[in-house]
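Engineer: Spelled out, the chains give:
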Amino acid sequence: MLSEGLITSIRAHPKSANTAIAKDVGIYLHELHPSHIIKSSFKKSSTPVNALVATSTHIFAAQADKAVVHIYSRERGNQEALVSFPERLHSLALVGDGILVLGTAEGRVILWEICTGRQISTPNAHLQAVSCIAATQSHLTTGSEDSNIHVWSVPRLFSLASNETQQPLRSLSNHRAAVTSLALGHSSSTTNICVSASRDNTVIVWNYHSGDLLRTFLLPATPLCLALDPCDRAVYAGFEDGSLQLIEFLQPKSTLNPLYDANLQTTPVQITETPWTAPSEPGAALCIGLSYDGTCLFSGHATGKIAQWDTGRRAFSLELADLNAPVTNLLTLSPFPKQKLTRPSTVVKPKLGEGQYVFTAQLSKSITDNSFEAAINHQGLPTEMLEDAISRFYGPIAAPSYSTSSSGDEKLRQENEELWKVVNEQRALQKQTFEKYTKLKSGGT
Amino acid sequence: MGSSARKKKEKRKDFKKPKLKVGKTKAKADNFTDTSFKAKSIVVNQQSLTTAAPSSSSQFAHYLSLASSSKSDTQRRDALSYLTTQLSSQPVNDPLPLPTAILLPKLLPLILDGSASVRTQLLKFLRLLPPADVGDRAEQALLYTRAGMTHLAAEIRVDALAVLEWLLEVAKEDIVTCPGGWVKTLKSFMSMMGWAVTSGSSKWTSASKASFGKAGKSFPRQMLVLSQFLKAGLVESEAEASVTANAGLYPLVDVERHMIPTRSNAFAHLNLFGSSRDEEGEMYIDREDRQMVFQKRFQAPVEVGMENARKEAGEAGRAAVVLKKVLVDGMADYNG
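Line by line, the protein sequences give chains A and B.
At position 409 of the first sequence (counting the first as 1) the number is 409 in full-length UniProt numbering, and the numbers step up by one without a gap.
At position 62 of the second sequence (counting the first as 1) the number is 62 in full-length UniProt numbering, and the numbers step up by one without a gap.
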């Protein structure tokens, strides 16, 4: 049975002496279906906001106020490694499955390839700590407390040939205060959007490929975290007073996506709908995550509560759990994880020197093609199948002519003649007996 | 001479132990002093000694917890009446002090409560809740209503019928389309009214025990509620959602379907994460599906029972005529 899961991590200093909750546990794995349970947990971790990432095999947690990353193995359920870096770490992100991006306290970005141990770091492009990072396979966006957002190209950072210091591709400086959260859109075109939230109570949507500002939204409170709808129709922002807000990008009545309407790009939009509030005071919403189909929203708060919200009804649904310490990170796991061909069974610690890199991984699937699977996953019919079918229509037709005598035909003809001979003999015999019978009958009477 | 026997007896009595008689308390000793006392004190329960009165929302939450988990009937009933007066006194468009998502799960178990006053008070409170929120929790509400309809106690059955009437008024589309809402509710109706669901031999007419005794008065009412339920599920509602053709949005078609859904849990019918549902627990969203299941499993016993009820005449007969009309309307255009 399919199931959705959550990974949440806390920042230490438990609120109250609650003996029901284990003191040492830092990272929880929740399972949501059929009912919410805490499946497993990892100990000794205390993470700030935006400092937890997970692959299918490992969980990486940057520790608060320390220059250390804890690496936990999901299969073995224990802490696998402890990697230290030259500066304190403030944020983490993943590029695909194999590159870990770390944002440091001095404005530098370190990229570490997990399977080879190669480590690249950029110069101090930011003036203050890097507070949030978001990445796709080809681009990296970093936001910092100095209110700048830089866009980097991942292949260029990792190229083996270049020796010059890396520069960001472009930057956005429209924010006036620290950037708290970044989210990248799900499209793979050249018009992919980036949504950024900052402490000056604004959310900005912009195209990071071209650097165009698309829209500015003014909010009633300070947004601390963002979650983007799976189809990029809206973004959900969590505020410092514990409420959430839905910011819609699309309007049902217009053909043009309002984000790309050039007339509206310079005027900021004031969001007037009331934010969604939780009934009890749950504290600041530090982290937020959407379920796979976008109907459930989960938020982690500073009092330790994890709340579930219903996006259809735009309201609070129920309180999922209470973890007794500020919940700083919340990752939603897809119920349909992608199967990769290789997976890292153990991480390779970063080496600083240049030299030969060895790729260490475990093969998880076979490469041989299954023609049926290939046919199903193809768009339309595969060309080989089509050609095969057409060729069968145009093949030589065997004409039935008795003059052509192949050895098989000869044998069949002989058998045919023999059988006809037998049939004729039987007919003659039957005729004779019938005559005898009629003679006897007529003679008899 | 006569007095010496008396004196001897008295002297002997001093040294005799008094006989203990069964059922009578032991005789008190001569030097018995009563040391019992009555304490004259006023016992006050836990008090909060603040100068400000508790806020209305915290009071609301307190009375809610009293209503759902108190051991005494009168306390539950009083807590429910407090909640009812709070809701009815605030302006209509004000949000509730606590969202329905929290109120309903705590108060639904009171449908099966043992005391009649609690149940009537609960129904008054439920009628004040906003209809849209109730529709989201239709499955949970139906679970308790069905348990009430098939309860052993007859009064709880009657009150559960009233709850089902309220649910049909407020959220009839959700009731008949939620998972298990159609088939399981019909099954509980059949067991409540005693109409045999299994197609057994008709020699044994299921005794019309429903028309005897106290439960006999509720039989016409049960049939009326059944006809309301069948009307909600089988008869086409007049307000069909009209598809407004937005001709001005030429390249785009059906834009509303691609926006973020406004219903709660819009993908529930896909059943991605739950265990597989059998025929009973399935969601029947289309009217034709409901008609098909009804004809397959329930139409025969319903018609038999309705005929028997019509022959009885009186209240039951009139209710049976209403039921017949609904059946005819609902299944007229179904060709199985």
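In short, the hints are calculated from the structure, not lab data.
Be aware that one or more of the hints could be misleading.
[Unchecked claim] Simulated DEER-style distance windows between Cβ atoms:
{"hint": "1", "chain 1": "A", "residue 1": "Gly77", "chain 2": "B", "residue 2": "Asn265", "range": "49 to 55 Å"}
{"hint": "2", "chain 1": "B", "residue 1": "Ser88", "chain 2": "A", "residue 2": "Ser173", "range": "54 to 60 Å"}
{"hint": "3", "chain 1": "B", "residue 1": "Val253", "chain 2": "A", "residue 2": "Pro258", "range": "16 to 22 Å"}
{"hint": "4", "chain 1": "A", "residue 1": "Val269", "chain 2": "B", "residue 2": "Asn45", "range": "36 to 42 Å"}
[Stated by the list, open to error] Here are the computed lysine to any residue pairs in the SDA-like style, where the Cα-Cα straight-line distance is at most 25 Å:
{"hint": "5", "chain 1": "A", "residue 1": "Lys253", "chain 2": "B", "residue 2": "Pro251"}
{"hint": "6", "chain 1": "B", "residue 1": "Lys106", "chain 2": "A", "residue 2": "Ile38"}
{"hint": "7", "chain 1": "A", "residue 1": "Lys253", "chain 2": "B", "residue 2": "Leu252"}
{"hint": "8", "chain 1": "B", "residue 1": "Lys106", "chain 2": "A", "residue 2": "His33"}
{"hint": "9", "chain 1": "B", "residue 1": "Lys124", "chain 2": "B", "residue 2": "Leu98"}
{"hint": "10", "chain 1": "A", "residue 1": "Lys338", "chain 2": "A", "residue 2": "Thr55"}
The model shown is predicted, which means the values in this text are computed figures rather than measured ones.
We put the CB at the ideal spot given by N, CA and C, even for glycine.
Engineer: Work down the list of hints and note, for each, if the structure agrees.
Structural biologist: How the hints compare with the structure:
Checked against the hint of 49 to 55 Å, the C-beta distance between glycine 77 (chain A) and asparagine 265 (chain B) comes to roughly 33 Å, which is inconsistent with it. For the pair serine 88 (chain B) and serine 173 (chain A), the beta carbons lie near 55 Å from each other, so the given range of 54 to 60 Å is met. Our hint of 16 to 22 Å for valine 253 (chain B) and proline 258 (chain A) holds, since their Cβ atoms are close to 19 Å apart. Evaluation of the 36 to 42 Å hint for valine 269 (chain A) and asparagine 45 (chain B) yields a failure: the beta carbon distance comes to about 54 Å.
Taking the CA atoms of lysine 253 (chain A) and proline 251 (chain B), the gap is near 12 Å; set against the 25 Å cutoff, the hint holds. For the hint pairing lysine 106 (chain B) with isoleucine 38 (chain A), the CA-to-CA distance comes to about 24 Å; that is within 25 Å, so the pair holds. Distance hint between lysine 253 (chain A) and leucine 252 (chain B) is fulfilled; the C-alpha atoms sit about 10 Å from each other, no more than 25 Å. Among the hinted pairs, lysine 106 (chain B) with histidine 33 (chain A) is consistent with the structure: their alpha-carbon atoms are about 22 Å apart, no more than 25 Å.
Note on lysine 124 (chain B) and leucine 98 (chain B): the hinted pairing holds, with a Cα-Cα distance of about 17 Å set against a maximum of 25 Å. The suggested pairing of lysine 338 (chain A) with threonine 55 (chain A) holds, with an alpha-carbon distance near 11 Å, which does not exceed 25 Å.
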